[in-house]
Amino acid sequence: MRGGGIENPAFEAPGAAPDPQRCPDPGAAPAEPGPGPEEGPCGWGTCNPRALQLCNNPEGYLAAYSLLAIFQGIVVNGLVNISISTIEKRYELNSSLTGLISASYDIAFCVLALFVSYLGERGHKPRWLAFSAFMLGLGSLIFSLPHFSSGKYEYGGSKLEDTCQTAETTFTNATCSASRNSSLHKYLYVFMLGQLLLGVGGTPLYTLGTAFIDDSVPKHMSSVYIGIGYAMSLLGPAIGYVLGGQLLNIYIDIQMPKRQDMTSTKVDQDDPHWLGAWWIGFLACFFAIWLLVIPFSCFPKHLPGTAKIQAEKISETHDDGSQILVQANNIGQSFKDFPMALMILLRNPVLMSLIVASSSEALVATGFATFLPKFIENQFGKTSSFSATLGGLVLIPGAALGQVISGVLVSKCKMSIIKFMISTCSVALILNTVFLFAKCGNEPFAGVSETYNGTGTLYNLTAPCNANCKCSRSMYYPVCGSDQVQYFSPCFAGCTSYIVNNMKKTYHNCSCIGKAKREKGSEDFLSEAVPGKCPTQCQVLPVFLTFFFFAVVFTFMATTPTTVAILRCVPDKQRSFALGVQLVFLRLLGTIPGPILFGVAIDKSCTLWDINECDIKGACWVYDNERMAFLLMGISAACKIITIVFVVMAVHFYKPPALPKALPQNTSERVSVICT
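For the sequence shown, the positions run 1 to 676 when the UniProt record's numbering is used.
Please keep in mind that the hints were generated in silico from the structure rather than gathered at the bench.
Ideal Cβ positions, reconstructed from N, Cα and C, are used throughout, including at glycine.
If a hint is listed, it holds; no wrong ones were tucked in.
For lysine to aspartate or glutamate, the following EDC-like pairs were computed, each having C-alpha atoms within a straight-line distance of at most 16 Å:
| no. | residue 1 | residue 2 |
| --- | --- | --- |
| 1 | K152 | D253 |
| 2 | K573 | D215 |
| 3 | K308 | D215 |
Cβ pair distances, simulated, as ranges:
| no. | residue 1 | residue 2 | range |
| --- | --- | --- | --- |
| 4 | M256 | R122 | 54 to 62 Å |
| 5 | I499 | R627 | 37 to 45 Å |
| 6 | E626 | N249 | 26 to 34 Å |
| 7 | L436 | N460 | 26 to 34 Å |
| 8 | V408 | S96 | 39 to 47 Å |
| 9 | T536 | Y459 | 19 to 27 Å |
| 10 | G634 | K533 | 22 to 30 Å |
| 11 | P49 | T536 | 56 to 64 Å |
Could you build all of it, start to finish, from the sequences and the hints given here?
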């Protein structure tokens, strides 16, 4: 920073030229180092095909890293998120529990990240990534297993007559099946196990995999390579959202069911009981990810030219004595050094400030990644598959674009990283106000948002007009009345009959549908209803998507600079470990509570729960749109403010290394770390 303050090399552009006055005597510069002893060829033991040597470089590794990151993103941040709404309905879970499923990935990450990053710092990083690919594939397989062991989905409404019937015998089949419900809830633990295994596989990828990139390329290119790698990791969720959205158009059991109460009508996605084939994508990724074990197993411990690149890099470690302590005591050579190595990082105020800032951003990012499709579905009245596709088209390209733009700007424009991060977070905070004006009101829903033409009470589906129908709360089959009011089911609308014409069903003689609004025709015409929700009158979806897209872009423009700053402000031998510490706190403070907090906020805005025959509360059917929008905006705005505060604290705490304390990265090579 300039203009009266101290200079912050750790927060300046990696490509910025060092101050020549800080360089040692050129005559004391050592000879150019030769290849390191572990810069071997690409292959397996003595089998080193010449064709493989074309990939034995940073570009080849980046390609393999990107492929693994893409598939990891497809599964963890794409297919899992897009399947949440379907899994809720299929296994009768609420949003808080599905938020726990999403957080299980990060729980495994937290437990393992410190140990993997510490032990892998001096280990064979590419082989760690081969292990990563194996575990990611296994986790994908486990996550798909509930579909094959839970039996066929019982399509809602196929057992009970859905019109108003006064005979009590009509409902003899609506009995409580407690064993069935409990078994469905138990699949929660299978999903959590799959996510835990995915977390085990993701740990080496974003700790050792990122550090290996930084080790293998010059400092001025590090942000570009890391930005490309992170951008590719965001391409995965884009593919996952699009692929998952298309798979949700396929019926969950492939073969379409026959509805006993309306065999001549077509079952489609407009029916709220429709569930898509969420499991196909996980099974396909299981096979694809395991193939990536092969390329990672053939890379050497260090790529050719790594020793020379490391010798030319300059230390920008925060000047708190940690660099001297780490090198003088050779900390990190054995596991007994783990506590001391961890304490060195935890006492680094610059690192910890950046970690809190990035964790706050991660909380918002994972919350929206998990629940944005559900927000769009309920706020704007879209289908699950269409909402998932829209969510993917906004979140993923926006995040990838932000990563690439920030990597290029920081590398090419010699821009101050700290000022860049504060600016992008401030703009994202302003764009977050889209929730204030681009939201939808609550659509008329009898017994929920309004009464039955002045009779009955709010939040009570039973009114005088349907009291004798003995309707079941366990069968949600919404219909839109001719009065443009939505009803829970034809039974709660008081409809006593229906006709099917050209594969379309129309209910008649509906006693709860207001007759005062008739304009023409008979009473039958005025008292009819059609299946499905009433068309939404809200037209602000394009405005919301536009503003939210740019909010995502500016949010993710801070990600790559944060990673680069963390790699620069810690001792050179602790870079992988620092990323591990960051990712642990990122999970503990961000990605674990994020989906849970967003899930609780969404549940708090629920106005109509699914209650089955056993009076067990399942998923939510109807939400208060305005309350949901305000709650999500409040969480997002608070996190943005926390990010800005802690980024400012990071630059306040930073002290650049003084010349007498600056040490070479490898003392045996006697190479200056102050300038290249």
